[in-house]
Structure formats: C-alpha cells, structure tokens
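Engineer: Each chain, written out:
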Amino acid sequence: MENILIIFVILILAKVLGEFFERIGFSSILGEIFAGIILSLFLLSQDPETFSFLAELGAIFLLFTAGYKEVHLQELRSASKKAIIPTITQILLAFSSGFILGLIFNFQILESLFMAVAFSATSIGVLVKILIDYNYLSSKPGSLMLTSAIFDDIAGIFMLSIVVTVAELQHLPSFSQILTIFAKLAFFMLSMAVLGLKIYPKLFDYIHKMHIKESIFSFVIIIALFSAYFAEAFELHAVIGAFVGGIILSRIPIAKIEDVQSKVSGLSYGMFTPLFFAYIGFTVDLSVLETTSLFTVLVVVMALFGKLVGGFIGSKIVGLDSSDSLIFGIGVMPRAGIELVVITVGRNRGIIGDEIYSAIVLMVIVSIIVSPMLLKFAINAKEKSSFTSSSNP
Amino acid sequence: MSDSGTFPSTKVYEIMVKSLVTVNENDTINDILELFKNYNFHTYPVINDKHELVGEVNQDIILEILLLDRIKSSKNIHRIAIKSMSENIKGIMEHHPLTLSPDTNLHHAADLMVKHKVNHVYIVEDSKLIGILSKRDIINHVYRIRGLS
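Chains as they are written, first to last, in our numbering: chain A, 1 to 393; chain B, 1 to 149.
Read the hints as simulated data drawn from the structure, not as lab findings.
Treat the hints with care, as some may be off.
To be verified - These stretches of chain A come out as covered by chain B in the derived footprint (C-beta under 8 Å, 3 or more residues): (1) 247–253; (2) 272–286; (3) 311–323.
Stated by the list, open to error - Simulated pairs of lysine-lysine, PhoX-like, Cα-Cα distance not exceeding 20 Å: (4) B/Lys18 - A/Lys82; (5) B/Lys135 - A/Lys209; (6) B/Lys128 - B/Lys90; (7) B/Lys135 - A/Lys69; (8) A/Lys209 - B/Lys11; (9) B/Lys135 - A/Lys202; (10) B/Lys18 - A/Lys69; (11) B/Lys18 - A/Lys140; (12) A/Lys209 - B/Lys128; (13) A/Lys129 - A/Lys316; (14) A/Lys140 - A/Lys384; (15) B/Lys117 - A/Lys213; (16) A/Lys81 - B/Lys90; (17) B/Lys83 - B/Lys11; (18) B/Lys50 - B/Lys90; (19) A/Lys263 - B/Lys128; (20) B/Lys128 - A/Lys213; (21) B/Lys83 - B/Lys117; (22) B/Lys115 - B/Lys135; (23) A/Lys15 - A/Lys82.
The structure presented is a predicted model; accordingly, all values stated were derived computationally and were not measured.
Built from N, CA and C at the ideal position, the CB exists for glycine as well.
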C-alpha cells in the first residue's frame, strides 16, 4: 500500500470513528485506536516503516502540545493542596498493582516497572462533561478530580523519565547508577531552564523579525524536535524532552501567540496524534485479546481497581465521605494518554512483549468505556441516598 | 508607501493608548462581566496591586467558562473546567501576554502585528503596564499622517 494512501486511510478512519465515539459520549481516542485495529485487520498486514516513524512523531507532538498548551505551572501551584494526598494514594496503589501483578506472572522487574508506570496515569477529559452535566464540577470530589489530574500528568512524565533511563541500563540500577540517573535528569532540566529563560527569549526576538514565512511556527517546531533530540543525548526519551520543551516555550509570549498555538494544535491533533493512537491499535496483538487470558483480565481489573481503591482511601483521608470518595476513585480511573506512550517506548526498546502491550491497550479501551458509566451510576446512587435521607428525618 | 516613509522614527509610546481599562488579578468574574457590559473591548489586561502586567483576559475565555456545559469534550475541557472553578481573575487569565518596550520602533510593532496576526500588544516599562497598542491605533496613525501630508 502506498505511503500516502496509508496516511489518508488512517486519518479518515481515525477522524470519522473519533467523531462517532465523541458523539456517543466517549473519548475520540477510542476511534483513533479502532482505526488502527481496522487497518491491521483488513488493509495492511505488515508494519510499514513510515507508519511507525509518523507514530513516533505523534508521541513527541502529543507530549510537546501537552506541555506547550495545557500544563500551566501557575495553575499547578494554585491547585488545591488537598489534592496531593489522594493523588499520591491513587498513583501509589495503581503503581503497586501493576508492579505486583507483573511479578506474580513472572515478568522481569523492568517489565513489571513499565507496567506499573502504565497503570499509574490518569486522563479525566471524558469525565469532565459528566461532572458538568450532573452539576458536580464544584463538588468536593469533582474539584479534587480536576486538580488531582494535573498532578497526575506531571507524575506520569516523571515516572516515565525514570523508568526509561533505568531501561537503558537493561538491569536494575545500583545506588551510584540511581544517582547518575538523577544527576542526568537534573542537568537536562537545568540546561532546558537556561535555554528557556536566557537563550530562547532572545532568539525569538530575532525570529519574529525574520522575513521568511511562518518563522515563529517553524522555530517552535524546531525547538520541539531539538528538545526531543537533546533529551536523547542525556539518555532520556525524546517524548520527555518534547514535554519539557513545550512547558518552556509556553512561557515565551511571542512563541505562544494565538496564530502559532492554533497551527501547533492543528499539526498535532489534526495529523500526528491520531496517527500515534492509530498505530497503537495497529500494533495490538489481537490474538492476545481473543484468548482473554487470566493475565489480560487481571491487567484490566487491577489497573482500574488500583485507581479506584487508591483514590477512595486518599479522599477518605482528606475528609470526604464514602460516596464522595467512591466518586473520586472512579473519576481517576480513565486513561488516554501517557500510559500509551509508556508502553510504546517499552515495546520499541524490546522491554515489554506483546502480551503486556496488548493487555494494557485493552485496559485503556475498557477504562474509557466503563468509567463514564460507573461515574454516572455513583453520582445517581449518591443523589438517591441523599434524597432518601432528607425525606426520612 | 514604505515602512520608513510611514513611520520615520515613530516610537510606540507616541501613539499607544495610555488611558487603560484594566482588571485586577483579584477581581471576580462578576467584575469582568460588568466591564464587558460597560466597554466594547475584546481583551483586558490583568494587573496586580503593583500595577504590573500579569496576564490578560478576553471574551473567548469568559464565553468558554459561561458556556462550559455546551462545550464538546474534545475541546480542552479539563483546563476550562479548572478555570471555571476559580474565584478570581488570577485563575482565569492567560499568562505571559505579548509585550513591547515603549521605545520600540512603530514599524517593528506594525510588522509583528501584521506578519503574525497579533491584534494588540501591551507596552510595559519596568514590568508596569503603561499602554496598549492595537492595529486600530496604527491604522489611525497612518491615516492621520496621510491626511496631514
């Protein structure tokens, strides 16, 4: 199949199916993943190099755009401190569930670590609509979910950077190697901070005066790619560099003017990110899902329960009642982003096999489908019980 | 007519608007709704108590917050939802607005605004907001010069 035809087919399937899922109340990511599955079932049997390369760019742009457009350090600072405890407990329990499950099924420690990190992420976008519809946005669990999800993104990226660096070593690091990892990470961050605070602002002073077309947009993309490459030089993964590069650029006003933002967004969400999610669907080993082994079932169940129980315990600690804690626990269940980048990195580096990879993709799909249903159920149950208690004095 | 002909050595402080309608970062969303009712501007600069420019707030942000229940989830609904919970402008505003110093040449400012589709820039001196320059100000300035010549 010609490369152009492949991209054409993927994009059209991803967008049409994405729209379908969005309209029936689920995340459009589902449509993009299913576009990849359809491609692998009916149209394309082999993995063409072009597709995997474009998907790699997709992962880079997914995280670059997250840093550039969506992560705001000011918002993080002002986010409720109350969210810290529930965030830690839900991440900790999800992480432990993944890690222990890996060990029980005799996977190596590195494989189990990747699984643990993939278990830890949260993406609540699809649930916000439900919170709004039920007027639950400013409720205790609602506001806690919103703020917890901000911390969760940062934690996910941090864990990814650690686990990828550990993976480079191909074995568990010694104490001195752990120090080296942190030193590299710190040096990378420091270099990026110097670039972001001292060099880039001056550079953009010249860039916006350049006569060539789209100078600012081009240099934003150049910096995204440079940041990705620069991170690799520190033996971190390209996606981490892209994410940090995005955050740094988001603080430079001229690099963030509306016109450039919408072009970056268009390139990312209109082209590369759908290709990344479609690639995830394309590379899923359907035979693993067809047999539905005990392992696959447990990955789905443990990943969802880890978040549910961790979120429940954490919100109980900060004083929410049981029904609100349950709502919060369900609220942090859905995944739709970083964990897919984590498993793609793990698979590309030969650390995790098809079994873990496919099981986690299934977990993501199930989490996107069941979380909205469970959230509606939990909110309705709470409303019903509070109505009953208020009518029975 | 070339740049140099239109703006021989004009600096932005010469034509910027100095009487500004600003919002304090501690103002509430109701305060800004009142402003939208009374003035016809799309965007307002946000300042802190020291009169330093800290951000900007515009009709798009306010509309997104007011119509949150109509926004499709594909939009960045998570971020808008967080903004909607904020009690003051600080949590709603966009950070890092585009600024220029008062002695910037007008033709540089005009180039920037035309080439990169920027509608206005804030003029800042020692972090303090001292003026706004919009495309309309430049058009009026050019019109004035042509009228005189």
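Engineer: Please go over all the hints and tell whether each is borne out by the structure.
Structural biologist: Here's how the hints hold up against the structure:
Look at the region 247–253 of chain A against chain B: 4 of its residues bring a Cβ nearer than 8 Å to a Cβ of that chain, three or more, so the hint holds. Only residues whose beta carbon comes within less than 8 Å of a beta carbon in chain B count, and the region 272–286 of chain A has 0; fewer than three means the coverage is violated. Given a C-beta distance limit of less than 8 Å, the hint that chain B covers the region 311–323 of chain A is violated, as 0 residues qualify and 3 are needed. With a CA separation close to 43 Å, the supplied pair B/Lys18 and A/Lys82 exceeds the 20 Å bound.
Between B/Lys135 and A/Lys209 the CA atoms are separated by roughly 18 Å; this keeps the pair inside 20 Å, and the hint holds. For a cut-off of 20 Å, the pair hint linking B/Lys128 to B/Lys90 stands: about 17 Å separates their Cα positions. With a C-alpha separation of about 26 Å, the suggested pair B/Lys135 and A/Lys69 falls outside the 20 Å cut-off, and the hint is violated. At most 20 Å may separate the alpha-carbon atoms for a hinted pair to count; A/Lys209 and B/Lys11 meet this at roughly 17 Å.
For the proposed pair B/Lys135 and A/Lys202, the alpha carbon gap of about 25 Å is over 20 Å, so the pair is violated. About 31 Å separates the Cα atoms of B/Lys18 and A/Lys69, which puts this hinted pair outside 20 Å; it is violated. In summary, the hint linking B/Lys18 to A/Lys140 is not supported, as the alpha carbons are separated by about 44 Å, beyond the 20 Å threshold. Our distance criterion of 20 Å between C-alpha atoms is broken by A/Lys209 and B/Lys128, whose separation comes to about 25 Å.
Between A/Lys129 and A/Lys316 the CA atoms are separated by roughly 24 Å; this puts the pair beyond 20 Å, and the hint is violated. In summary, the hint linking A/Lys140 to A/Lys384 is supported, as the alpha carbons are separated by about 18 Å, within the 20 Å threshold. A C-alpha spacing of about 13 Å is found between B/Lys117 and A/Lys213, which places the hinted pair at or below 20 Å, so the restraint holds. Taking the CA atoms of A/Lys81 and B/Lys90, the gap is about 17 Å. The hint holds against a cut of 20 Å.
At most 20 Å may separate the alpha-carbon atoms for a hinted pair to count; B/Lys83 and B/Lys11 exceed this at roughly 37 Å. Among the hinted pairs, B/Lys50 with B/Lys90 is consistent with the structure: their alpha-carbon atoms are about 14 Å apart, no more than 20 Å. Taken as a hint, the A/Lys263 and B/Lys128 pair is broken in the structure, with Cα atoms around 31 Å apart against an allowance of 20 Å. With a C-alpha separation of about 33 Å, the suggested pair B/Lys128 and A/Lys213 falls outside the 20 Å cut-off, and the hint is violated.
For a cut-off of 20 Å, the pair hint linking B/Lys83 to B/Lys117 is broken: about 26 Å separates their Cα positions. Only pairs whose Cα atoms come within 20 Å are accepted, and B/Lys115 paired with B/Lys135 is accepted, the gap being roughly 12 Å. Between A/Lys15 and A/Lys82, the direct Cα distance comes to roughly 38 Å. Violation of the 20 Å bound is thereby established for this hinted pair.
Checked against the numbered hints above, the structure breaks hints 2, 3, 4, 7, 9, 10, 11, 12, 13, 17, 19, 20, 21, 23 and satisfies the rest.
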